[in-house]
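Visitor: Read off the chains here:
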Amino acid sequence: MADRVHLEEESCGLLLELEHILDSDPLIDEVGFIHPTQLAALIGVVDCDSSGDLDTLKFFNRDHKLGISTQILFPLYKQAKIIFFDEIERYKKQTGISGIWGDETSLQRCKSTLDELEIGVMKHSKVLLLLSADLATAWNSRRAIVLKKDTLSMYMDELRLSELILSYSAKSDQAWSHRRWVIKRIVGKLPNLQEVIGKESKLVERIAERSKMNYRAWNHRCWLVSYMTGEQVVYELKNSRVWAGLHVADSSCFHYRRRLMMRMLEDFCAKNASVSVGSSSEIYDIWKEELEWNKLLIKRYIGREALWLYRRFLSLHWLRDFMTQLDSVIFLDDELHLLHSCSIIPDSDFDDFQAQAMYSTTYILWLARQLSRSHAIVLRQKLQVGDMKDLLNSVCPQRSFFCDMLEE
Amino acid sequence: MGEFAADRHVKYILSVEKRKDDFESVVMEHLRLNGAYWGLTTLDLLGKLDAVDADEVISWIMQCQHESGGFGGNIGHDPHILYTLSAVQVLALFDKLNVLDVNKVASYISSLQNEDGSFSGDMWGEVDTRYLISCFSPVKNKLLKNLSYDRFSYIAICCISILQRLDSINVERAVNYIVSCKNVDGGFGCTPGGESHAGQIFCCVGALAITGSLHHVDKDLLGWWLCERQVKSGGLNGRPEKLPDVCYSWWVLSSLTMIDRVDWIDGQKLVKFILECQDTENGGISDRPDDAVDIYHTYFGVAGLSLLEFPGVKAIDPAYALPVDVVNRIFFGR
Ligand SMILES: [Zn+2]
Chain A
2 MADRVHLEEE SCGLLLELEH ILDSDPLIDE VGFIHPTQLA ALIGVVDCDS
52 SGDLDTLKFF NRDHKLGIST QILFPLYKQA KIIFFDEIER YKKQTGISGI
102 WGDETSLQRC KSTLDELEIG VMKHSKVLLL LSADLATAWN SRRAIVLKKD
152 TLSMYMDELR LSELILSYSA KSDQAWSHRR WVIKRIVGKL PNLQEVIGKE
202 SKLVERIAER SKMNYRAWNH RCWLVSYMTG EQVVYELKNS RVWAGLHVAD
252 SSCFHYRRRL MMRMLEDFCA KNASVSVGSS SEIYDIWKEE LEWNKLLIKR
302 YIGREALWLY RRFLSLHWLR DFMTQLDSVI FLDDELHLLH SCSIIPDSDF
352 DDFQAQAMYS TTYILWLARQ LSRSHAIVLR QKLQVGDMKD LLNSVCPQRS
402 FFCDMLEE
Chain B
257 MGEFAADRHV KYILSVEKRK DDFESVVMEH LRLNGAYWGL TTLDLLGKLD
307 AVDADEVISW IMQCQHESGG FGGNIGHDPH ILYTLSAVQV LALFDKLNVL
357 DVNKVASYIS SLQNEDGSFS GDMWGEVDTR YLISCFSPVK NKLLKNLSYD
407 RFSYIAICCI SILQRLDSIN VERAVNYIVS CKNVDGGFGC TPGGESHAGQ
457 IFCCVGALAI TGSLHHVDKD LLGWWLCERQ VKSGGLNGRP EKLPDVCYSW
507 WVLSSLTMID RVDWIDGQKL VKFILECQDT ENGGISDRPD DAVDIYHTYF
557 GVAGLSLLEF PGVKAIDPAY ALPVDVVNRI FFGR
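For the protein sequence lines, the chains are A and B, in the order given.
So for the first sequence, this note's numbering puts the first residue at 2; every next one is plus one.
So for the second sequence, this note's numbering puts the first residue at 257; every next one is plus one.
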């Protein structure tokens, strides 16, 4: 029993120590959970006398980097959790109603204890979230308090905390969701919304660099598109091209481009209700350039599924929304040419070329199925269904039924 | 390829529940109700649900319920639609839906429906993000895997349908919202314009199936996208260019089953892939061969085998994600 009390006191000390570090350095921008031996090495740089007991090493904090010993995670989390849930319980009681918080009359009552409780909840939830990023109850408690105070600086603090957590827990859905909540709250309060959206987009790019094919990160960036101006959309498209060219296997970054392209198309159609997209418009040039750039990547990076799927999208809309019947004949000839050049499998690098042949074949078949009747007839006349069947049978026999869909 | 180690998996599931003394298990406490659903459904599929004390589970679940009617992921945690579905599903497994105040749960769910037909996950109201759980390894200091994909529209519709209160939400609007998330590739994203993802597709197709609205789906086109998820090893991925993962055996396969295109993938090769992901010594199934097992992938591996009609595994309903006999009991009284 005495042992337990001692243990609890100790972990309570851990919690206080960590909260003190967080308070005294609000600019911490990186957190890592570090094995004590590594921690010793880190501390050793600044502190010569580090050969002592590894168990005494708990935290590392320098240049706004915070390291926490993996040894103390369990007691630290347990203590933070007990205190947090205890406080949140009292807080809900104080504010009168659990569920809908912030009832005015009860707020008047114990103002000082309430303030203390709020400070406590904010402190402890922060520690908990650093250790367990998807603990929704902790995020909720922060939202309740921030919403009540409703100050811009508190909202900005929340963006900072979620960024800190995303720096090592880039797939935390709660942290991403919290950002969207904050941005929705401050949209009307900001003079420079476009700047914030632009920065947010850059943040996603930085995180996507470290955390490959991160669906939530890219989903967040797609969400930002609806807050962008037309110019911003064009800027994003041009500016994120280099990145995409270096990450051709990241299908999500091509989906982001899809989203931007569609936004442009929607804007264009809204402005020019009755006109079809003419060859003199900016969007026509951008779309054409995108198709050419995509073809370039396809030829440079052999057998990349994401590139071919992106091409399905680009070509389908190109034919549907930009092309006259006559133009489309020329375009489809080019695509068939691409198919033929991609379905040659040399002996070396067999796998990649095999994949390239498969993707190019299914690309054409997919287009043939999805095109409107008149375009599809043109394409199907050019394609010999029998030839396509042979081709498909040789590159992916298990999907030969794709051809059957064309015969209907 | 090893044999299917059903008994070991049962042992593994029963042992997970007892693990409470390390960091990795306590940081998952907030979604214990999800874990209970995964574990108990697997036990039922393997015909071993009687290995747990039903009364104990049910009394714990009822302690997770809030005044609002919604359930939290564990005692003391805020309510969320996700855990509410898990609670209802587990009660259904035990044939104990009668302990619920159905009106209360139904009104919690219907209160989360928005004007446009979509659903929020809780009072904080983010519309319809899929729910993903990331398994965090503090030691390696990196994310290991995503644990679950869900979608609030599906969750709401599935839950309210099990409670037989579909009339308490606006089904037409809910369906219209889901249809607005459809992409040109035939798949669905989590919001209009969102990237297609096998987890989202399951949720959308499942919700459409439950509401009898599958005519909104271009089955050949969606089937095309889904069957392209099968990679050389036989496993399925959730998006283009990703590695195969056992959990997609469920998301992709259940969707293909609902749109009647399951023969578009190679079932034999998929069975082989799932069996290779077993820990044949200590039980459990992992995301990929030789990775560490967890309860989530154990459930989806077994559920995938069930859809592939693997011997010794009960049939699972692809839309409700419950054993077929449980679904029949709910709707046809056995
Ligand atoms: Zn998985």
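Please keep in mind that the hints were generated in silico from the structure rather than gathered at the bench.
Given the structure is predicted, the values throughout are model-derived calculations rather than measurements.
Don't take each hint at face value.
As a list, the in silico DSSO-like pairs of lysine-lysine whose alpha-carbon atoms are at most 27 Å apart [claimed, not checked]:
| hint | chain 1 | residue 1 | chain 2 | residue 2 |
| --- | --- | --- | --- | --- |
| 1 | A | Lys124 | A | Lys66 |
| 2 | B | Lys304 | B | Lys360 |
| 3 | B | Lys438 | A | Lys185 |
| 4 | B | Lys438 | A | Lys272 |
Visitor: Regarding the pair Lys124 (chain A) and Lys66 (chain A), is the alpha-carbon distance no greater than 27 Å?
Guide: Cα-Cα ~19 Å, so holds.
Visitor: What's the verdict on Lys438 (chain B) and Lys272 (chain A), does the C-alpha distance respect the 27 Å limit or exceed it?
Guide: 24 Å, holds
Visitor: What's the verdict on Lys438 (chain B) and Lys185 (chain A), does the C-alpha distance respect the 27 Å limit or exceed it?
Guide: 25 Å, holds
Visitor: Please verify whether Lys304 (chain B) and Lys360 (chain B) have alpha carbons no more than 27 Å apart.
Guide: At roughly 31 Å apart (the allowed maximum being 27 Å), Lys360 (chain B) and Lys304 (chain B) break the hint.
In terms of the numbered hints stated before, the structure departs from hint 2 and from no other.
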